[in-house]
Amino acid sequence: MGTKCHIMIVKNIEKILIIEDERSLSRALEIKFLKAGFIVDSVFNGEDGIRLLESNTYSLILLDLVMPKMDGFAVLTILKAKKNRIPVFVLTNLNQQNDVKRAKELGVKDFFIKSNTPISVIVDRAIEIFKK
Amino acid sequence: MKTYKTNNSENYDIALKLEVLAREKESTRRKLVITAKELALTAKEKEKARQKLVIIARQLAVAAREKERTRRKLEVTARALKKLHETLEKKVLERTEDIERIRSKNEAILASIGDGLVVVDKGGKITYLNRSFEEMLGWNTKEIIGKSMVQVVPREDQNGIKVSFKERILTQVLSGQKFVADLTNPFYYVRKDKSRFPTSSIVAPVVLGGEIVGAVEVFRDITKEKEIDKAKTEFVSLASHQLRTPLSTVNWYSEMLLAGDAGRVTPNQKKYLEEIYRGNQRMVDLVNTLLDVSRIELGTFIAESKPTNIIELVQDVIKEYSQQIDKKKIKFSSVFGKNIPLIQVDPKLIGMAVQNILSNAVKYTPTGKKIGVSILLDGKNILLEISDTGYGIPKEQQSKIFTKLFRADNVVGKDTVGTGLGLYIAKSVLEQANGKIWFISEENKGTTFFVNLPIGKHKK
Chain H
76 MGTKCHIMIV KNIEKILIIE DERSLSRALE IKFLKAGFIV DSVFNGEDGI
126 RLLESNTYSL ILLDLVMPKM DGFAVLTILK AKKNRIPVFV LTNLNQQNDV
176 KRAKELGVKD FFIKSNTPIS VIVDRAIEIF KK
Chain W
169 MKTYKTNNSE NYDIALKLEV LAREKESTRR KLVITAKELA LTAKEKEKAR
219 QKLVIIARQL AVAAREKERT RRKLEVTARA LKKLHETLEK KVLERTEDIE
269 RIRSKNEAIL ASIGDGLVVV DKGGKITYLN RSFEEMLGWN TKEIIGKSMV
319 QVVPREDQNG IKVSFKERIL TQVLSGQKFV ADLTNPFYYV RKDKSRFPTS
369 SIVAPVVLGG EIVGAVEVFR DITKEKEIDK AKTEFVSLAS HQLRTPLSTV
419 NWYSEMLLAG DAGRVTPNQK KYLEEIYRGN QRMVDLVNTL LDVSRIELGT
469 FIAESKPTNI IELVQDVIKE YSQQIDKKKI KFSSVFGKNI PLIQVDPKLI
519 GMAVQNILSN AVKYTPTGKK IGVSILLDGK NILLEISDTG YGIPKEQQSK
569 IFTKLFRADN VVGKDTVGTG LGLYIAKSVL EQANGKIWFI SEENKGTTFF
619 VNLPIGKHKK
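Sequence order for the protein chains is H and W.
Heads up: the first sequence begins at 76 in our numbering, then just goes up one per residue.
Heads up: the second sequence begins at 169 in our numbering, then just goes up one per residue.
Be aware that one or more of the hints could be misleading.
Here are the simulated BS3-like cross-link-like pairs (lysine-lysine), alpha carbons at most 25 Å apart as the crow flies [to be verified]:
#, chain 1, residue 1, chain 2, residue 2
1, W, Lys-398, W, Lys-516
2, W, Lys-438, H, Lys-110
3, W, Lys-334, W, Lys-516
4, W, Lys-330, W, Lys-392
5, H, Lys-176, W, Lys-516
6, W, Lys-604, H, Lys-176
7, H, Lys-179, W, Lys-474
Calculated from the structure, these hints are not laboratory results.
Keep in mind that this is a model prediction, so the values were computed, not measured.
The task is simple: from the sequences and hints, build the whole structure.
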């Protein structure tokens, strides 16, 4: 449900999972990451994200925090419990220090405030990770 | 005749005698006539006198009647006066009772005012306090009457730092300051049991014959107001977060359009898109500022202090504005003292304060004028000075300059981007770091802001 699959033959065949309930933002990320050559799956809540994570392998998770059904913190808690090793970028508009702190404690690789971050910066940061 | 004479010599003699007698008789008669006339005259006078006497007697009778009347009148007046006196006495008694009643009523009113009320003498000793004072602070009259208000009831700021004797508004009012209301800075009164409550108070001097003989302080527990204020701040915070999502959408899509993700854009389209992007960016900045303010007010800013090189921090901020400084052809100078130690502060927060002060200097200094920044050691503190030769702050508005959303009249027309939040944020942040901020300014000559930061430990 609400799952899309795009496959492109390019240099980066890393698979990315976008968990973001705001459709317009999710689509923008999809477009940008597809352009950069990633394979992208998008879901609109945490529950669907966890479900996909059980049956798929991803190289990177882009995770929103405020979402219906299951929010980002719940997803992070489950991932931590499962000893997840996939890097997670939190993309949120919450920037209370305790939110940042809590997310980092739950093993987040990077934390972006969406309104303050150009989308290209997020893509660049992802590419940077896979270069290493 | 001689014969007659001879013969009648005797007769002659007799005749003579008779003549004499007649003459005498005549004389006597005349005398009698005169006497009769005199008598008649006397009788007339006597009559006149009698008549006068009658008149006098009448007059006397009238006078006597008059006197009697007057006497009667006096008697009446005396009675009336006596009555009046009695009435007066009664009235005085009544009035005295009235006054007593009013006095007790006034006292009852004072005692039952919902706000705390305390009256002190010239020396700051408590001479009266009302029931609300007792209830709010946990002291009763007997315990503290005659004692120093400032000593018995400590006042603290938000961070629990005790306000010194000299800085207490009561002390300031007693030393001759006209009138002080402290409604903007929240402070707390500490109860007898050491717990505290937020309060706002107004202190006014009691002046008698041109001399300050004491002061009256009225204070209120503003816990409820603070709660409402908190709700408002939380709302601003929530609304700002909600605003960020559509702002992100506009940001990202205009960025993608500019990057040619949806196909090539013409130079004109690019210009328009850049306008959209910039406009949106300004909205993002505004939302970020509002969030900073709400965080300051909610106290959710957690200062993460670490040893910080203040010179580097300030230089980084200057770098952010170097483009604008160049563009306005501002003559920029900086002086950094030697051996400035690291200070224990949160670099992000202090950076934010410095940024707000410097951005004002850049914004409100016309093209070609000067801005100077200096950092010097001042005893156990760091003194940062940011001066400009810009528009300055009108004298009558200087007291409001740190107030939230306040913008001075002389710059409102010159720059539309200001929010009136920058200096409020700077002050809040610096005070949280135990620092101080103040300024001197003259309209059309310029402004210098001073920031004092202790080298020692950062609180909270």
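Hint check results:
A threshold of 25 Å between alpha carbons decides the hint, and for W:Lys-398 with W:Lys-516 the separation of about 24 Å falls inside it, so the pair holds. Restraint check for W:Lys-438 and H:Lys-110: the C-alpha separation of about 21 Å stays at or below 25 Å, so the hint holds. Between W:Lys-334 and W:Lys-516, the direct Cα distance comes to roughly 33 Å. Violation of the 25 Å bound is thereby established for this hinted pair. Between W:Lys-330 and W:Lys-392, the direct Cα distance comes to roughly 23 Å. Compliance with the 25 Å bound is thereby established for this hinted pair.
Taking the CA atoms of H:Lys-176 and W:Lys-516, the gap is about 15 Å. The hint holds against a cut of 25 Å. Taking the CA atoms of W:Lys-604 and H:Lys-176, the gap is near 29 Å; set against the 25 Å cutoff, the hint is violated. At most 25 Å may separate the alpha-carbon atoms for a hinted pair to count; H:Lys-179 and W:Lys-474 meet this at roughly 20 Å.
In this structure, the earlier hints numbered 3 and 6 are contradicted, and the remaining ones agree with it.
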